[in-house]
Amino acid sequence: MTAIHLENLSKSFGSFTALKDMNLEIADGEFVALLGPSGCGKSTTMNMISGLLDPSEGSIRFGDRDMRGVPMGKRGVGFVFQNYAIFTHMSVYDNLAYGLKATGVARSERDRRVKDMAEFLHLTPMLNKPSAGLSVNILQRLAIGRSAIMEPAIFLLDEPLSNVDAAFRAVMRTELKHLQRQFRQTMVYVTHDQLEAMTMADRIAVMDHGKLLQVGTPIDVYNNPSNVFVAGFLGSPGMNLLPGRTIAAPAGLCADLGSFGISAPLPVAGLSEDRAIVYGFRPEHCELTSGEGIRLPVTFVERIGARTILHMGNKETSLRGVFDNDVPVRTGENVTLSIDPANIRLFDAKTGDALTEAR
Amino acid sequence: MASIAFNNVTKRFSETVAVNNVSFEIADSEFFCLFGPPLSGKSTILKLILGLEKPDEGEILIDGKPVNHVSPARRNVAMVFQNLALFPHMSAEQNVRFPLAERRMAESEIASRVAEVSGKLHIGHILHKSPAQLSGGERQRVAIARALVRDPVAYLMDDPISALDARLREETRVELKRIQNELGRTMVYVTHDQEEAMSVADRIAVLEAGSIRQIGAPSDIYDNPNSSYVAGMLGAPAMNLLALDAGNSSALDGALALDQAHVPQGASQIGIRPEDLIVTPAAASDETRVRVFEVEPLGGVTVVTLQTGETSLRAMVRGQPKIEPDSEVSLSVAAGQACFFASNGEALRA
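Protein chains in written order, with this note's numbering: chain V, 1 to 359; chain W, 1001 to 1350.
Hints may be right or wrong, so weigh each one.
[Stated by the list, open to error] Below are the DSS-like pairs computed for lysine-lysine, each with C-alpha atoms no more than 25 Å apart in a straight line: (1) V/Lys315 - V/Lys350; (2) W/Lys1065 - W/Lys1054; (3) W/Lys1047 - W/Lys1177; (4) V/Lys115 - V/Lys129; (5) V/Lys101 - V/Lys129; (6) V/Lys315 - W/Lys1065; (7) W/Lys1047 - W/Lys1065; (8) W/Lys1129 - V/Lys315; (9) W/Lys1054 - V/Lys315.
Hints are computed from structural coordinates only; laboratory data are not their basis.
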């Protein structure tokens, strides 16, 4: 079991900076997700942890061991990639046993560990089958098992679920998290899917354009994003972000949201008048009201089972609200939304940084 | 503009029955979705409409006219493939023009059609770029524009957005629906993603192993699945399907109490949507406790996976409740929100 320390880590490819000055401490036994869109630097970070790439600047330590110059094979890390690398000419059993055999683990011990892992990942019924005929889903599960069976101190997963189908992905999310809670390896998980990061990680590190933007527990990052990018990236749909200006009203400082009207008094003290801001709230935090609120047209009603997403707004600014599946609203109607001030998040229009303090 | 009908269509590939005695009618301008797991026959149905495959039995009608013997080129239906198949060495505009230039259409006519379709798809500003310079969503729109520019009577899409990342998929499906609404063309759309199917479709056909199991509006199928198979296909997480205990007054070996009066005769399974499963912290005196296996916070909702014996089930709880893994909870079902199925999987009404 090992902690990972990333200090002032940077990586450039020629004139392109893939990662800039990243600092992150991953505790022993912690599950950290590196989350961001393609090109954000998450895989570059992962590849430096694994030893596949050398940092341009900065250092990586596992516990108190500096990893500079330590080759991949000697770092004691296990990997699972998007494209499972399974020996298709071998049986499921032999694939699971492969690493143990290569490192000289005794036959009886090997057999016990293979059977335990197969049981854990529901591979027991197909242990003696050739892996060539298995579905993509099962192959990916086998790839995870083959790495996990080595009980690496550090387990690195790079988008391991992006090729499996949606239903199976949900099952694997639960299983991977459970696996990690059982074995307590230090786990670093790279994904562009905020749902995977939210549901599995102890902490999420959100990245964009080679920069680490925010690190925290899923709920913390979700509830108190440090800037507009994080706010919009987390959530399904992401946070609604409306451009506005602060305006003095009898009840206090409010946000002038242009054609959508004037907001309720803002929950942040100390803002000056006529300041350009971004007014943010989560889609599940707005309610339909017959009273005061922001008014806007519904452009599309998306009924998707348990919930209905109302798409609202105009060409410049669109926002979404999540409601019960039977919400009685039709496309083209105008609605008025009320939002509990406690759920409003404000950001600086220029820098995108949060103006709301954590509550 | 076209309606499309299948009358008892069967298609075999040597031993395999890919499409098994399938009948349906797609109305003019309808957004019709073929939804099912891999190899359930949905892509074969598209190929049959397109004319790339010929049925072994049955009849296919486009606008009421049999087309079994009409060549693909003369059916005038357009296809957008999963991999989009844009020509990488051509600009977006050249890609869109291609089907018209190929037919030696007059230059002025080409220009006006390209302008019209580009306007509808909001791609006017990116026409000069090459496919490599476009985002996934933009490439998607260019591929659709290329399919539409010929002015087909219907267009077909085979899993067109599955390669995009999650966020872009959510945006693109709404965009596709808008485009179809505005164009008012018949759309036949294949997907294996249940949320996408419910989002875009006017009606969904749920397939299993070459047969259609249910056709209906998304909310109809979601609320009233006609079988446990269909029930399990829609919803994320999927509906929990649990065996009823003897006597029909509980499930999960007594851990889930049920009102026997609401259980229809002959039921062997109860289906409960995760959002209708109510989770409450168990009191120490409570004998019917269930263990929490994992808790997955999604922000707006929290998915709780529960385990009892060999059975695992999922509840979806609003907000961010304080529920810990390995704690114990009691379960109940929201009033009137359960489905029941006979041992053969057929839905039963109370």
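Consistency of the hints with the structure:
Note on V/Lys315 and V/Lys350: the hinted pairing holds, with a Cα-Cα distance of about 21 Å set against a maximum of 25 Å. For the hint pairing W/Lys1065 with W/Lys1054, the CA-to-CA distance comes to about 16 Å; that is within 25 Å, so the pair holds. A distance of roughly 22 Å separates the Cα atoms of W/Lys1047 and W/Lys1177; the hinted pair therefore holds under the 25 Å criterion. For the proposed pair V/Lys115 and V/Lys129, the alpha carbon gap of about 14 Å is at most 25 Å, so the pair holds.
Note on V/Lys101 and V/Lys129: the hinted pairing holds, with a Cα-Cα distance of about 19 Å set against a maximum of 25 Å. The hinted pair formed by V/Lys315 and W/Lys1065 fails the criterion: a straight-line CA distance of about 41 Å is larger than 25 Å. Taking the CA atoms of W/Lys1047 and W/Lys1065, the gap is near 18 Å; set against the 25 Å cutoff, the hint holds. Taken as a hint, the W/Lys1129 and V/Lys315 pair is honoured in the structure, with Cα atoms around 23 Å apart against an allowance of 25 Å.
Note on W/Lys1054 and V/Lys315: the hinted pairing is violated, with a Cα-Cα distance of about 45 Å set against a maximum of 25 Å.
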